[in-house]
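Q: Chain residues, written in single-letter form:
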Amino acid sequence: GAVVSQHPSRVICKSGTSVKIECRSLDFQATTMFWYRQFPKKSLMLMATSNEGSKATYEQGVEKDKFLINHASLTLSTLTVTSAHPEDSSFYICSARGGGGEKLFFGSGTQLSVL
Amino acid sequence: QKEVEQNSGPLSVPEGAIASLNCTYSDRGSQSFFWYRQYSGKSPELIMFIYSNGDKEDGRFTAQLNKASQYVSLLIRDSQPSDSATYLCAVQDTGNQFYFGTGTSLTVIP
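Line by line, the protein sequences give chains A and B. Quick note: the first sequence uses the working numbering, first residue 1, plus one each step. Quick note: the second sequence uses the working numbering, first residue 1, plus one each step.
A portion of the hints provided could be inaccurate.
Unchecked claim - Derived BS3-like pairs: lysine-lysine, alpha-carbon spacing no greater than 25 Å straight-line:
(1) A/K103 x A/K66
(2) B/K2 x A/K64
(3) A/K42 x B/K42
No lab work stands behind these hints: they were computed from the structure.
Work the whole structure out from these sequences, hints included.
A: Next comes the structure, spelled out in structure tokens:
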């Protein structure tokens, strides 16, 4: 199946700093990638849809100035959590459609802890 | 608002038994249906997908789709402790948007 790589897998940072998370499609081109947030024992919450070469589409309630998304190429999307605060601590997961376009494959996720 | 509903569980079955996971969806136009398995602290992984009414079997897993009743289920035969995880149902609409259920927690008791 299609492979989506996400890095880093875990990051601990101080409050007020910014953190960048990378999501790469390794063996296919992904014109669209998705970013999710997941709290413990909860389901995935779609944050935004990242489109290559254009602005991301954010879900209602997600601050676009806080969660900056860049999709500069067909294989790379980045999520930057700016001025992180403890309430931003969460598991962030990216995904992309691959394997012919109809299936969704997930990156391995990033556990963000803001102290 | 398109909805995908799952019983959150927890669902407990003894080792070797059949685990049955159910999912209902609200959008009649939904075209594709997926089951993901998520271990604690890990990302979801695709285990089954189904597009047509009926059953689809892959090893110990069987996905069942009934579009008229708007439900999709996942059967796990000969359940193993390693099957203990949260199972997410996902539905894809005609616009290729994915909608996820809240997940069902399965525990297989040795």
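Q: It remains to establish, for every hint, whether it holds in the given structure.
A: Each hint tested on the structure:
Taken as a hint, the A/K103 and A/K66 pair is broken in the structure, with Cα atoms around 29 Å apart against an allowance of 25 Å. Of the supplied pair hints, the one linking B/K2 and A/K64 holds, its CA atoms being roughly 24 Å apart against a limit of 25 Å. Between A/K42 and B/K42, the direct Cα distance comes to roughly 13 Å. Compliance with the 25 Å bound is thereby established for this hinted pair.
Going through the hint list in order, the structure does not satisfy hint 1, though it satisfies all others.
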